[in-house]
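Number of protein chains: 2
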Amino acid sequence: ETQSQKCPTRPSTHTEPVRASEYPRKNAEILSGQYGTNLLLIGAALMLAIAHHDPAVREEHLLSFASCLMLLQLLWMMWYILVRERQDNTRTERDVHATTCWIRGGLTLLALLSLIMDAFRIGYYVGYRSCVSAVLGVFPVIHATHTIAQVQFLWFHIKDVIKCYETFERFGVIHAVFTNLLLWCSGVMSEAEHFLNNHKRRLSALGYQNLTIEHSEPNCNCTTSTCSMFSSSLYYLYPFNIEYHIFVSALLFVMWKNIGRNLDLSSNRKRKVTKTQGLTLGPILGLLALASTIGILVVYITHVEKSLQMRQSAISMFYIYGIVMLVVMCCAGASGLVIYRVNHKPLDTSKNPSRQLDTELLFSSSIGSWFMSWCSVVAVLSTHSRPPYRWTNLIYSLLIVLEKYVQNLFIIESLYRQQENAERENQELPAAPEIFSVTSSLAPPYNGIINRAYETPERVCVAMETEQEESGQMYRCPRKPSEVPMGVGTKGEEAPNIKRQILKNIAVLLIMCNISLWILPAFGCRPQYDNGLEQETFGFSIWTTVLNFAIPLNLFYRMHSVASLFEVFRRV
Amino acid sequence: ETQSQKCPTRPSTHTEPVRASEYPRKNAEILSGQYGTNLLLIGAALMLAIAHHDPAVREEHLLSFASCLMLLQLLWMMWYILVRERQDNTRTERDVHATTCWIRGGLTLLALLSLIMDAFRIGYYVGYRSCVSAVLGVFPVIHATHTIAQVQFLWFHIKDVIKCYETFERFGVIHAVFTNLLLWCSGVMSEAEHFLNNHKRRLSALGYQNLTIEHSEPNCNCTTSTCSMFSSSLYYLYPFNIEYHIFVSALLFVMWKNIGRNLDLSSNRKRKVTKTQGLTLGPILGLLALASTIGILVVYITHVEKSLQMRQSAISMFYIYGIVMLVVMCCAGASGLVIYRVNHKPLDTSKNPSRQLDTELLFSSSIGSWFMSWCSVVAVLSTHSRPPYRWTNLIYSLLIVLEKYVQNLFIIESLYRQQENAERENQELPAAPEIFSVTSSLAPPYNGIINRAYETPERVCVAMETEQEESGQMYRCPRKPSEVPMGVGTKGEEAPNIKRQILKNIAVLLIMCNISLWILPAFGCRPQYDNGLEQETFGFSIWTTVLNFAIPLNLFYRMHSVASLFEVFRRV
Chain A
1 ETQSQKCPTR
11 PSTHTEPVRA
21 SEYPRKNAEI
31 LSGQYGTNLL
41 LIGAALMLAI
51 AHHDPAVREE
61 HLLSFASCLM
71 LLQLLWMMWY
81 ILVRERQDNT
91 RTERDVHATT
101 CWIRGGLTLL
111 ALLSLIMDAF
121 RIGYYVGYRS
131 CVSAVLGVFP
141 VIHATHTIAQ
151 VQFLWFHIKD
161 VIKCYETFER
171 FGVIHAVFTN
181 LLLWCSGVMS
191 EAEHFLNNHK
201 RRLSALGYQN
211 LTIEHSEPNC
221 NCTTSTCSMF
231 SSSLYYLYPF
241 NIEYHIFVSA
251 LLFVMWKNIG
261 RNLDLSSNRK
271 RKVTKTQGLT
281 LGPILGLLAL
291 ASTIGILVVY
301 ITHVEKSLQM
311 RQSAISMFYI
321 YGIVMLVVMC
331 CAGASGLVIY
341 RVNHKPLDTS
351 KNPSRQLDTE
361 LLFSSSIGSW
371 FMSWCSVVAV
381 LSTHSRPPYR
391 WTNLIYSLLI
401 VLEKYVQNLF
411 IIESLYRQQE
421 NAERENQELP
431 AAPEIFSVTS
441 SLAPPYNGII
451 NRAYETPERV
461 CVAMETEQEE
471 SGQMYRCPRK
481 PSEVPMGVGT
491 KGEEAPNIKR
501 QILKNIAVLL
511 IMCNISLWIL
521 PAFGCRPQYD
531 NGLEQETFGF
541 SIWTTVLNFA
551 IPLNLFYRMH
561 SVASLFEVFR
571 RV
Chain B
1 ETQSQKCPTR
11 PSTHTEPVRA
21 SEYPRKNAEI
31 LSGQYGTNLL
41 LIGAALMLAI
51 AHHDPAVREE
61 HLLSFASCLM
71 LLQLLWMMWY
81 ILVRERQDNT
91 RTERDVHATT
101 CWIRGGLTLL
111 ALLSLIMDAF
121 RIGYYVGYRS
131 CVSAVLGVFP
141 VIHATHTIAQ
151 VQFLWFHIKD
161 VIKCYETFER
171 FGVIHAVFTN
181 LLLWCSGVMS
191 EAEHFLNNHK
201 RRLSALGYQN
211 LTIEHSEPNC
221 NCTTSTCSMF
231 SSSLYYLYPF
241 NIEYHIFVSA
251 LLFVMWKNIG
261 RNLDLSSNRK
271 RKVTKTQGLT
281 LGPILGLLAL
291 ASTIGILVVY
301 ITHVEKSLQM
311 RQSAISMFYI
321 YGIVMLVVMC
331 CAGASGLVIY
341 RVNHKPLDTS
351 KNPSRQLDTE
361 LLFSSSIGSW
371 FMSWCSVVAV
381 LSTHSRPPYR
391 WTNLIYSLLI
401 VLEKYVQNLF
411 IIESLYRQQE
421 NAERENQELP
431 AAPEIFSVTS
441 SLAPPYNGII
451 NRAYETPERV
461 CVAMETEQEE
471 SGQMYRCPRK
481 PSEVPMGVGT
491 KGEEAPNIKR
501 QILKNIAVLL
511 IMCNISLWIL
521 PAFGCRPQYD
531 NGLEQETFGF
541 SIWTTVLNFA
551 IPLNLFYRMH
561 SVASLFEVFR
571 RV
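Which chain is which? The protein sequence lines are A and B, in order. So that you can map any letter, position 567 of the first sequence is 567 in UniProt numbering, and since no number is skipped, the others follow by simple counting. So that you can map any letter, position 47 of the second sequence is 47 in UniProt numbering, and since no number is skipped, the others follow by simple counting.
It cannot be assumed that every hint is accurate.
Any copy will do: because identical chains look the same in the list, a pair fits if it lies in one copy or spans two.
[Unchecked claim] Taking lysine-lysine and the DSS-like style, the derived pairs with C-alpha atoms no more than 25 Å apart in a straight line are: (1) Lys-345 <-> Lys-499; (2) Lys-306 <-> Lys-345; (3) Lys-351 <-> Lys-306; (4) Lys-257 <-> Lys-345; (5) Lys-351 <-> Lys-257; (6) Lys-200 <-> Lys-26; (7) Lys-200 <-> Lys-345; (8) Lys-257 <-> Lys-306; (9) Lys-351 <-> Lys-26; (10) Lys-26 <-> Lys-257; (11) Lys-200 <-> Lys-351; (12) Lys-306 <-> Lys-200; (13) Lys-257 <-> Lys-200.
Calculated from the structure, these hints are not laboratory results.
Okay, chain A solo, but in the shape it has when bound (with noise of 0.2 Å):
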């Protein structure tokens, strides 16, 4: 029944435009693809020229071409909404692994500051609306809408697995996937900028430097008395703003992916919670991390624009506190993978496009730090002064390398091996029965568990067949509660496996550690800028061009394993 690749009953009046069946599936991969990465590049172009101070090129063009991308995601959702609610509901296919409860819930969130920050370019242009172009007033209103209406498709349509007019679908998901990522470029753009900006007038004022700063402020004054809270605002919701498109474009991905897939329904099931017991030394750890990492963050940057001496210290500082958290982040990755070792499962080969997107992600977007890391290894070799933090600059850069190493392969291997666990509690099928022996002689016979269900199918049985788009429960129904065997319910809770334990609270260590890792360089400690090291081996331009793409990219790595790491902590 998976391989149906008809489309469900619709109205007469739509004769098919495309014939799914016609045209081949990886052309049509191709085609989309094709088309996306050349929206971007445009973009991309269009960036470009505007960093170059080009008069002929300005922000506006920039924010009418996002404007217009936008409109037509618009539209094409609305299409898409328009025409699934008239399909028959029940006949969409969904895939559970495609997002969770959650990774939802923080993009709301997300969107949420998004919409803050749309209200505060509003007002900023409403100020200034005398002498700026009314692109600057209608790009904050088209992204708001935009934003809005993405949260609710995220909600309600991104499991969905696309079988019917899947050309022109296609198209429509790429261009989304890429109008995000067109709007996180353009925001990392921007925020880099500022920083530099920053760091320029910074170090002219110290007298290092004499660097032409370039001001954006518009030709006229400002007829309300917010603007320039509202400018400086801004720049604190930047990180969200850049976050949120950035997942959002993943997300679309993964449903771009899925689009004319069959699925496997037997591993497409959602897995249960697990219970949280035993959670001490992780959160612990975790909490004290995250508060050691906020007053760093305070002292850093209050001390670092003060005298040299000053600067000097904020910078040893910093890197001592990195070198800490880092050892404890090694440490707990590699007892992670050292108890994986000990007790040795095969791993979940099948096919999965949300998880080999989750690895692929976290590989690539650990590339960019890692390179960073190595220029600052050949900077500290090669450099002829002294400041006080050369060797733990170098120590601080190897342990970056050897973390990102460490971590990915603790979250790639516990993405891949969650199956096995989850079907033992789902499924209640030991695959081996031996440890289970005291409960399975408890536990009637499983046929007898499945044909009591089918034979009785009771409210609640009913219940989770409507929902089954929701869980993805198709298959069997539900034992009631009362039904489980007291064995199988409580064995969990009463023996507790001990390495299971270890595993959550070094996954809850983790999320905490990454989200201080985040913290820091989101919110302006960037010591590879203030550190003059590798700006004396590789040169002010090349280095500075390093850090606007390595830096966004270690944001994301950031984030992501902060979701990845979760979705381990919830399935462990």
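Given chain A's structure and the hints, the job is docking chain B onto it.
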């Protein structure tokens, strides 16, 4: 029998150091992939420092690093060959899709040119040995040894599907992949620097700009009379050396993907080459394109260094020539796609890492050139200067985007469609028997053939069995030539399929055109440097950075598409 994960019998002195079944495959992939990526990043960091002309990091450091990597790879290859020699040869599975004879032949040719380059480098070192680092002499010696050993490895082992010692061999193969990638990057950097210096010298001579040119000449006089000959000839050999390394790393990457893979032997058969009848229009047009390209190259290079008038006319000529070429290529690719749409066939979706990589490389190496084109479009639309080639540049850039778009679609669809054609020819099992109704009646029943072959296992059959590792045909003993019914054997010659002939002509034409478009930038015809439009919009440093990234990718794209199109040509 294909699922056997056990290692073949080996001397008992080797107590398996890594038990493949113990360590999960996904982890081994990530572990080795991360290792290789970091190797490349270290090299890239060194290159950036060299590009800044930092006195503490010199080319010697990069060359020493690359030499160490090559030595390590040599040791690993020796170990691999020794271990394999001891093993039972017939037990090694081979992936017939991994490479073809003509790819290996082409690589051998490129390797020979690389050896000549090494000889030149040694000669250059001998001339200047009193004042340059000994590394400059050691590096070409190691590189030559490495090239010879690697070509030998490619000929005899690249198709191996490694099933035991997995983790260690994974590291060895990925080390080889990234060593070659590093050598590629280093070649690209030297070539780009050389070109940029030439360009700056030309601009200075024309009085355009006052740019500092980096002199890399040693501080002493050459002791032989041939130094300048060596150093100037080097740059004509660079393009070949660069292509050699990137192709080798692609092949080795396929070998890495194949490690631990269970081959689907039913699709792992080599295919026969079809006859080359009716090839007239494609080769003629292609040769015309190739001849005109060489003319354009000579005219361009001689004219562009002259007065502004000559320069502008040379650039205009290039664009007009390019537009004609690209229109022809677009039409060819589009008609190929139309032919595919007319006779609809399902695509082959069996797993094939080699083909998968081909697809991804085509797609991702297009990005460089697309980005360059979109930058040109932005520049043309925003510029205020009015050179005569302004609008031809715009049309040329848009056609570049369109041509790659269409060509990628054509190549990828061809690669994914081949299966059925080949099956029809190879196995004589027509998918649509009614077309072959005449021949089917002539041919004996298939099971009869197979039975007869098993009943009378003759010389041909035994010979094929021993060659099984070369051809991969393990499953059926081929019919003797005399047994082939004449109807099947001559049908293809008597009534050649007109569509197939058109496709073959298209493939030949596209091959020639892609070679033409490789020759031009590889030998110095790069109007993107000379036309000045983009430089005005993006600034000198941003635009040269874009070109340094995009032109090598574009060169690789052209070479790679030639290889893929040749594959298409053989299998249509």
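Hint check:
no. : hint                : verdict
1   : Lys-345 <-> Lys-499 : within (14 Å within a copy, 53 Å between copies)
2   : Lys-306 <-> Lys-345 : neither (55 Å within a copy, 71 Å between copies)
3   : Lys-351 <-> Lys-306 : neither (55 Å within a copy, 60 Å between copies)
4   : Lys-257 <-> Lys-345 : between (28 Å within a copy, 22 Å between copies)
5   : Lys-351 <-> Lys-257 : both (11 Å within a copy, 17 Å between copies)
6   : Lys-200 <-> Lys-26  : neither (49 Å within a copy, 45 Å between copies)
7   : Lys-200 <-> Lys-345 : neither (54 Å within a copy, 61 Å between copies)
8   : Lys-257 <-> Lys-306 : neither (51 Å within a copy, 53 Å between copies)
9   : Lys-351 <-> Lys-26  : both (17 Å within a copy, 13 Å between copies)
10  : Lys-26 <-> Lys-257  : both (11 Å within a copy, 21 Å between copies)
11  : Lys-200 <-> Lys-351 : neither (49 Å within a copy, 53 Å between copies)
12  : Lys-306 <-> Lys-200 : within (14 Å within a copy, 42 Å between copies)
13  : Lys-257 <-> Lys-200 : neither (43 Å within a copy, 46 Å between copies)
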